[in-house]
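Undergrad: Fit chain B to the supplied structure of chain A, relying on the hints for placement.
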Amino acid sequence: MVLKHSRLALLGLVLAVGVALATTVMAATVDSWSYSDYSHGSYVPKEGTGQLTDFDDGNNSFWLYVDFRFDSYNVNAIEDYNNGGDNPGTSCDNVNAYLTIDCANVPDGAETLDAGVIATHFGDCKVDFEDDNGDGYCEEAELVVFESIYVDAPYDMDVLWIDYRTGQPDDSGQIQVQFAMSNKPWWSGDYNNCVQSDVIQSTLRYGDYYGQP
Amino acid sequence: MTNRQKLTAAFGFFVLLVVVVGYASATQPQAQASTPSCDSCGETALIKAYMSIERSSKGIAEYKERIQEMNSELIAQQVDNVAATVTFDQPLTYEGVQELLQTYGVRLEQLQARAVSGDRRMTIAFNAPVTEEMVAMIRQHISERYEATFVGFTDSYVVANYEAIGELQKDTRVFLVDASGDSYFTGENDDQHAHALTWLLEYVREGAK
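Here the protein sequences come in this chain order: A and B. Take 0 as the starting number for the first sequence in numbering that gives the first Met the number 0 and just add one per residue. Take 0 as the starting number for the second sequence in numbering that gives the first Met the number 0 and just add one per residue.
Heads up, some of the hints might be wrong.
[Claimed, not checked] One side only, chain B facing chain A, incomplete, derived with CB under 7 Å: (1) T122; (2) A124; (3) H194; (4) W198.
[Claimed, not checked] Chain B is faced by these chain A residues, among others (derived, beta-carbon under 7 Å): (5) N58; (6) V116; (7) V126; (8) F128.
It is worth saying that the hints were derived from the structure and are not from the lab. Where is the CB? At the ideal position from N, CA and C, for every residue including glycine.
Chain A extracted, bound-state conformation (with noise of 0.2 Å):
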């Protein structure tokens, strides 16, 4: 009887395991955000999800997914935001600003990913890469959006991250996605946002090793 309950006991602890084992894979390649309420920015969609997919061996490469979707309240404030004038909040006043998308790589040590490709499903957008200290790496991928946004539709940006990675010891790091208004001339590097959200909305984790997102 008393083996009997160890064995049951030792189960239980190994599902538990294999459970929290699980939930930690995921939560390495995948972070969704959820707001109750619109104060890390009028702009910013309330739920959304960043991921980051298996490596591709053969394309040396693998891609960030980020899947989100703007209700009424967003669409809204954008348009105000678009306008000018008296912009939501007061960072942005008297300036026409745009709904903006930064992914950028974070590397712990050396930068080896580059961003190489990027698609999405908006309307007339401005799509940049930005190697902004000058390693020969991009570092930033960046949209900035121009057109009409449609309510509950579903909206996307998918980066193609380049894998230039060793396995050496800092080559861990994370891609975090930000969303912000910007009004910025795109063809300066030193002026940016005139707001973004107070917090990334995603943030990502990849490894040391070669393969490895």
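TA: Same frame as chain A, now just chain B:
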């Protein structure tokens, strides 16, 4: 030294002082003017120019004419290493883009493509270098993830010399070569690229919303 000589020397010193101070104050405003002010944080001529294009054939034609006049200035001044945005007249294949750019010795920095999934359009941007294998992989990706069909390449960011700017804008495969983001015109330290006219062209030609 006589009093007269002293007076002359003092007057000469005074004149010299006036000249030096005058020169210094005359040059000071120029130094300040070249420093970017926070006006750059706001709307700029370039973003205004794009957003104020009338969404009609006439509006696009007027913008095109204005940009081509700017190109004429670049060519007259023989400006090299010009950052330009090339909007293609019709979507091109990968081979078509390569042939066009190689013909005029243009360096590619970024390439945009159009795809369609259902009734929605997708924009796909490739950071150079863009290989045929990469394009094939992306076509497969958008097909599997979005059931999207790749239409073709619509516009590009390039760096070109003034001769190439002139030749490109005469090529029938090109709708517009827009160098308004180059530092020659913006006065900024870094060259950037103007927004392409692809979306506006689709709107006017196809009635695409």
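Undergrad: All the hints need checking, so say for each whether the structure fits it.
TA: Now for the hints, and whether the structure bears them out:
1. With 7 Å as the threshold, the beta carbon of B/T122 comes within range of chain A, its nearest partner Cβ sitting at about 6 Å, so the hint holds.
2. For B/A124, the shortest C-beta to C-beta distance to chain A is roughly 4 Å, which falls under 7 Å, so the interface hint holds.
3. Using the Cβ-Cβ criterion of 7 Å, the hint placing B/H194 at the interface with chain A is satisfied: the shortest such distance is roughly 5 Å.
4. Among the interface hints, the one on B/W198 holds; its C-beta lies about 4 Å from the nearest C-beta in chain A, closer than the 7 Å criterion.
5. For A/N58, the interface hint holds, the least distance from its beta-carbon to any beta-carbon of chain B being 5 Å, beneath 7 Å.
6. Annotation: A/V116 was flagged as interfacial toward chain B, and the flag holds, the nearest CB pair being 6 Å apart, inside 7 Å.
7. With a cut of 7 Å, the hint placing A/V126 at the interface with chain B holds, because the nearest CB-to-CB distance is about 4 Å.
8. A distance limit of 7 Å between C-beta atoms decides the matter here; for A/F128 the minimum to chain B is near 4 Å, and the interface restraint holds.
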